[in-house]
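Chemist: Here are the chains, one letter per residue:
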Amino acid sequence: DAGITQSPRHKVTETGTPVTLRCHQTENHRYMYWYRQDPGHGLRLIHYSYGVKDTDKGEVSDGYSVSRSKTEDFLLTLESATSSQTSVYFCAISESLVRQEQFFGPGTRLTVL
Amino acid sequence: ILNVEQSPQSLHVQEGDSTNFTCSFPSSNFYALHWYRWETAKSPEALFVMTLNGDEKKKGRISATLNTKEGYSYLYIKGSQPEDSATYLCALLQTGANNLFFGTGTRLTVIP
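Residue numbers (the numbering used here), protein chains in the order written: chain X, 17 to 129; chain Z, 62 to 173.
Hint data in this document are derived by calculation from the structure and do not stem from the laboratory.
Please note that a few of the clues may not be correct.
[As the list claims (entries may be wrong)] Facing chain X, a subset of chain Z residues (Cβ under 7 Å, in silico): (1) H95; (2) P105; (3) T156; (4) G157.
Bear in mind that the values here come from a model prediction, so they are computed numbers and not experimental data.
Just so it is clear, CB atoms sit at the ideal spot from N, CA and C, and this is done for glycine as well.
Model the full assembly from the supplied sequences, consistent with the hints where possible.
Modeler: Structure representation (structure tokens):
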């Protein structure tokens, strides 16, 4: 299994509070991704990174920011959590999407009350 | 937002039946198509990465074909088993892109 972990695995928070989710990899892969999983929508891309300090928005980036200061870590921040951000968040890594698949982390279940 | 469609959304089959489902995608700017298997309460796991028109890949009882000119891929499962129950996702990589665009998946339930 690819070395990819997410923390925390579960979190309950209140509307308006900041939340940071962490994705950590030991594979030295270039690309890192944050997705959210919601019923009826499958996996939707929030943000991704193609290198240290290089990030770009996905299709559902509003309300989220990311940072990647080291190859191994990719942080997802909800500056002011809303109930619509209640979801399961998956991190994924890849070295090359043409030659290789994405490897997914175990997921973080976030509940915003 | 790309139009990657999967059909059917869900299906139930009897153990031992063979089944197949479809992923449709825009044929322009095609670069690669991924298939993933996603069991409930787990993370998606890759099945195949396909790049060439006419490509056919196989892993055990699961196989996939790719038609890039008409923009579709089929996933086949031969002799379905209860452990095949999962959601099967396809995802498109377009030329010049750094990210995949996922379909919403086909949820397969295999009845013992």
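Chemist: Next step is simple, just say for each hint if it's right about the structure.
Modeler: Going down the list of hints, with the structure as the test:
{"no.": "1", "hint": "H95", "result": "holds (6 Å)"}
{"no.": "2", "hint": "P105", "result": "holds (5 Å)"}
{"no.": "3", "hint": "T156", "result": "violated (10 Å)"}
{"no.": "4", "hint": "G157", "result": "violated (11 Å)"}
In summary, the structure is inconsistent with hints 3, 4 from the numbered list given earlier, while agreeing with the others.
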